[in-house]
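Colleague: Here is what each chain is made of, one letter per residue.
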Amino acid sequence: MTFGIEIQDLTVRYPGVTAIDSLTLKLEGGKIYGLLGRNGSGKTTLLSLIAAFRRVTEGTILVDGEAPFENERLTQQICLIRESGDLVVEGEYVKGILHRARMLRPGWDEEFAQRLLDLFEVPVNRGVTKLSRGQRSALGITVGLASRAPLTMLDESYLGMDAPSRYAFYDVLLEDYIAHPRTIILSTHLIEEVARLFEQVVIIDNGRLVAHEDTESLRMRGAAVVGPAAAVDDFTTGMTVLGEQRLGGTKSVTVYGEIGRDARAVAADWGLELSPVALQDLFVHLTKGDRA
Amino acid sequence: MFDDRSPIYHQIAEAIKNDILSGELGADEQVMSTNQYAAFYRINPATAAKGFQQLVDEGVLYKRRGIGMFVSADARDALLAQRRERFFADVVEPMVAEARVIGIPLDDVVAHLQTLKGRDQA
Chain A
1 MTFGIEIQDL TVRYPGVTAI DSLTLKLEGG KIYGLLGRNG SGKTTLLSLI AAFRRVTEGT
61 ILVDGEAPFE NERLTQQICL IRESGDLVVE GEYVKGILHR ARMLRPGWDE EFAQRLLDLF
121 EVPVNRGVTK LSRGQRSALG ITVGLASRAP LTMLDESYLG MDAPSRYAFY DVLLEDYIAH
181 PRTIILSTHL IEEVARLFEQ VVIIDNGRLV AHEDTESLRM RGAAVVGPAA AVDDFTTGMT
241 VLGEQRLGGT KSVTVYGEIG RDARAVAADW GLELSPVALQ DLFVHLTKGD RA
Chain B
1 MFDDRSPIYH QIAEAIKNDI LSGELGADEQ VMSTNQYAAF YRINPATAAK GFQQLVDEGV
61 LYKRRGIGMF VSADARDALL AQRRERFFAD VVEPMVAEAR VIGIPLDDVV AHLQTLKGRD
121 QA
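Protein sequence lines correspond, in order, to chains A and B.
The first sequence begins at 1 in full-length UniProt numbering and counts up by one.
The second sequence begins at 1 in full-length UniProt numbering and counts up by one.
Read the hints as simulated data drawn from the structure, not as lab findings.
A couple of the hints might just be wrong.
To be verified - Below, a sample of chain B positions facing chain A; criterion: calculated Cβ distance under 10 angstroms:
#1 Ser6
#2 Ile8
#3 Tyr9
#4 His10
#5 Ala27
#6 Asn35
#7 Ile43
#8 Ala81
#9 Arg83
Glycine included, every Cβ here is placed at the ideal spot set by N, Cα and C.
Modelling step: build the complete structure from the supplied sequences, incorporating the hints.
Modeller: Set out below in structure tokens:
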């Protein structure tokens with residue numbers, strides 16, 4: 001089972017700031033999405049609303065065709081794991097957290113949960129506050145994956161893990177997604193590391209949707225044009241320029257948009273080099289905006 | 001395995017073509033499933049599927065429903081013909097262009113090729 005999401009004109013205002021600004025977004029069920037945005041871009045607010053942690057006040061969110069807030073059928077089946085600290089309740093034991101998840105989640109797979117706890121070496125008989133940061137993250141991941149929720153959202157929940165554990169997590173995530181397809185949204189700062197896991201990428205900035213596209217098409221949309229400054233300037237006139245750098249007579253301009261066959265031929269003719277831009281660089285350019 | 005130069009599904013298709021050209025994958029041999037491929041290389045299964053679909057569209061692979069994907073009987077010959085056709089444009093011409101830029105006379109290049117040819121025949 002997988003859940004699709006439809007968001008229409010969603011706005012969230014906090015005193016003095018608009019966290020989500022008339023956001024409209026449709027996510028089909030059954031894909032792995034990367035949700036990218038800078039700190040304060042509205043990612044966590046957005047995920048909290050989808051997970052029914054908060055009530056929608058302007059606009060609509062539909063998950064599997066229904067509004068999730070105070071909707072028991074949906075809330076059991078939507079799992080949002082926030083940053084590592086989220087699960088920590090003073091005095092609670094790992095066992096207690098697992099027990100709660102087992103009770104709440106209809107799709108809970110106990111064997112899989114145990115396998116993950118072993119894999120990430122999380123001690124079950126320990127108080128949660130006694131866990132290392134990495135172990136807390138791993139506990140979050142375990143609850144998130146073993147819940148097998150049709151909509152699973154991991155909000156930077158594995159950032160506390162070291163590189164070997166993160167790679168183990170990526171492997172398990174893929175393996176389990178293939179065996180049990182569901183809608184997965186990962187928000188992360190480690191873009192290059194996970195970009196290949198995403199079928200589609202959603203980029204938000206200042207609460208607004210900046211891009212929603214197949215990862216590969218988005219990646220191919222950015223290009224760095226490098227060559228003699230005058231020729232680069234001529235070539236990139238009228239294109240969406242994301243950034244530029246100059247070194248002596250050579251200039252590098254990062255553009256966003258399709259570069260057709262004819263344009264490529266012109267570039268070759270003028271001695272310009274066109275090279276693709278890594279997703280992370282594209283993200284930096286698309287979200288650098290004019291704020292501090 | 002993959003770089004940022006072209007779409008990953010394109011790189012997957014190229015890698016499988018290279019395996020067919022080198023003989024590592026024979027005619028009518030079954031290729032890895034897209035899911036196995038995705039898990040092995042840590043990429044999204046939809047991306048892997050796109051690479052395999054491209055090969056089916058080009059006639060390099062064929063599908064057997066419920067079983068998997070296999071190498072077409074004439075895939076290797078067709079790929080060889082394609083590569084041969086592109087050889088001069090893709091390999092020889094850039095070499096000549098580079099030789100010009102760095103000031104190596106074409107006669108020297110030809111002479112070197114003759115030496116290699118001699119070595120080949122020896």
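Colleague: Hint by hint, where does the structure go against what was stated? Just the numbers, ascending.
Modeller: When the structure is compared with the hints, numbers 5, 8 and 9 turn out to be violated.
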